[in-house]
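Novice: So the sequences go chain by chain: W and V. Going by our numbering, the first sequence opens with residue 4, and the numbers climb by one from there. Going by our numbering, the second sequence opens with residue 4, and the numbers climb by one from there.
These aren't lab readings, by the way, just hints derived from the structure by calculation. Some clues are possibly wrong.
Intra- or inter-copy, both count: the list cannot distinguish identical chains.
SDA-like cross-link-like pairs, simulated, lysine to any residue; straight-line CA separation at most 20 Å [claimed, not checked]:
(1) 164 to 215
(2) 125 to 104
(3) 232 to 190
(4) 164 to 186
(5) 125 to 140
There are 2 protein chains.
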Amino acid sequence: MHTQKRSYQFQVQPQDVDFQGRSTVTALGNILLSAANFNADDNGFGMRRLNEAGCAWVLTKLAIEMHRFPLQYEEVRVETWVESVDRLTTTRNFCIRDKEGAIIGNAGSHWVMIDINTRRPKDLHTLEGIQSCIDDEPGLIEKPGRLVAFTGVLLDSFRVKYSDIDINVHTNSVRYIEWISNCFSLDTYRRQKIKRFEIHYIAETLFDEQLELFGEEPTVGDFRFEIRKQDKAVCRARVAFENA
Amino acid sequence: MHTQKRSYQFQVQPQDVDFQGRSTVTALGNILLSAANFNADDNGFGMRRLNEAGCAWVLTKLAIEMHRFPLQYEEVRVETWVESVDRLTTTRNFCIRDKEGAIIGNAGSHWVMIDINTRRPKDLHTLEGIQSCIDDEPGLIEKPGRLVAFTGVLLDSFRVKYSDIDINVHTNSVRYIEWISNCFSLDTYRRQKIKRFEIHYIAETLFDEQLELFGEEPTVGDFRFEIRKQDKAVCRARVAFENA
Chain W
4 MHTQKRSYQF QVQPQDVDFQ GRSTVTALGN ILLSAANFNA DDNGFGMRRL
54 NEAGCAWVLT KLAIEMHRFP LQYEEVRVET WVESVDRLTT TRNFCIRDKE
104 GAIIGNAGSH WVMIDINTRR PKDLHTLEGI QSCIDDEPGL IEKPGRLVAF
154 TGVLLDSFRV KYSDIDINVH TNSVRYIEWI SNCFSLDTYR RQKIKRFEIH
204 YIAETLFDEQ LELFGEEPTV GDFRFEIRKQ DKAVCRARVA FENA
Chain V
4 MHTQKRSYQF QVQPQDVDFQ GRSTVTALGN ILLSAANFNA DDNGFGMRRL
54 NEAGCAWVLT KLAIEMHRFP LQYEEVRVET WVESVDRLTT TRNFCIRDKE
104 GAIIGNAGSH WVMIDINTRR PKDLHTLEGI QSCIDDEPGL IEKPGRLVAF
154 TGVLLDSFRV KYSDIDINVH TNSVRYIEWI SNCFSLDTYR RQKIKRFEIH
204 YIAETLFDEQ LELFGEEPTV GDFRFEIRKQ DKAVCRARVA FENA
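In isolation and in its complexed conformation, chain W is listed as follows (with noise of 0.2 Å):
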């Protein structure tokens, strides 16, 4: 087999860290999305040579999990790697090591190739190249699951901004993680961890779009959440903290 796995290695800057000196998670969204940008560049079936063929990736789900948080100016290796391809899904690993070696944080994530026109998602099987770039290496944590709907409290809302869309002015995927992010105390975080981030993408959402957030914690330091347009889902999510 063809193994195309390969580590990139990122720098955490002061404005990736909380108030705590940790990475947040969106900052750690945004490092894993680079390190899958560079791992399908490398591959040949990036970004830019589906754009050139009309065709996108979307990410659709993405799990992480970490046993800790990396800190200010901490350096960490993030290997990425394709498990599979299905017909309309590919899985993608990755394993988020510190300088040293040690695995800090584990994550699984899925996309889909659409259309750029369409917007309907394509045959991967038409993807020249990937096939042999798969390592069916299954990743370390809980693949992303099915997260069901529920009904839950309004507890924000807001409209989609310049600075939240992308280059299809479409919401950046990283943004949804932020939005649900600062919906926990800043006594949550000094008391605990995330354990596991887990978000599903359902829908996507265009500038200037009315959005709410709506939560319940149905076991204690279990969160669900759901961002809503019009009453539809848009995303849902699940927050799992531990203590730190």
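For this one, chain W is given, so just place chain V on it according to the hints.
Specialist: Then chain V, alone, in the frame of chain W:
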């Protein structure tokens, strides 16, 4: 003279660009602050060394002028150097070049060193090593000047959230740039580009504080902003556009 000018390379990531695929002024702010951090570190007076001595760098003024904004995936080199060190303020300049070495933008900044506990500025002459790192080459643009108070109209209001604060529980300097960048329509960004973005930080803001953003356009395409906390200015900015 002992010249300590150095350059640092960055690649514009998908999350750094706006709907037109150009780096946002916010992302450029992050790149400049990272370059300043790296350079101060390389010269022995980085944030970590200051923190050990109970001090911290605080950005007080920043002016950015761009001929063009770098594109998604573009690599830029940021040259940065300390131009002068007065008793309370040091001036750091930046020159942003593309891969071919052509200048695409410049920036100038003023910094003070504060005592972390008292939050008061400290005499920069007490900071060992900085004097030998001065390269008195002036920046290529007008230094950040004085921005005067005005009344203006209320454009936005928000509370400082978890994702807005840094390791000092204060609002991250770059967030103010982001809030201001969100005051323009997509149509403005389509028809015009930011020529000069200038911001002065007056007072720090803390988690959960309520802020209001006021603005006016005294001359066409030349905007003034003021962010206020309980009617007192915490920062002022000026954004001048030119036809794209």
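Novice: Hint by hint, say whether it matches the structure.
Specialist: Evaluated hints:
no. : hint       : result
1   : 164 to 215 : both (14 Å within a copy, 17 Å between copies)
2   : 125 to 104 : neither (37 Å within a copy, 40 Å between copies)
3   : 232 to 190 : neither (30 Å within a copy, 24 Å between copies)
4   : 164 to 186 : both (19 Å within a copy, 9 Å between copies)
5   : 125 to 140 : neither (25 Å within a copy, 55 Å between copies)
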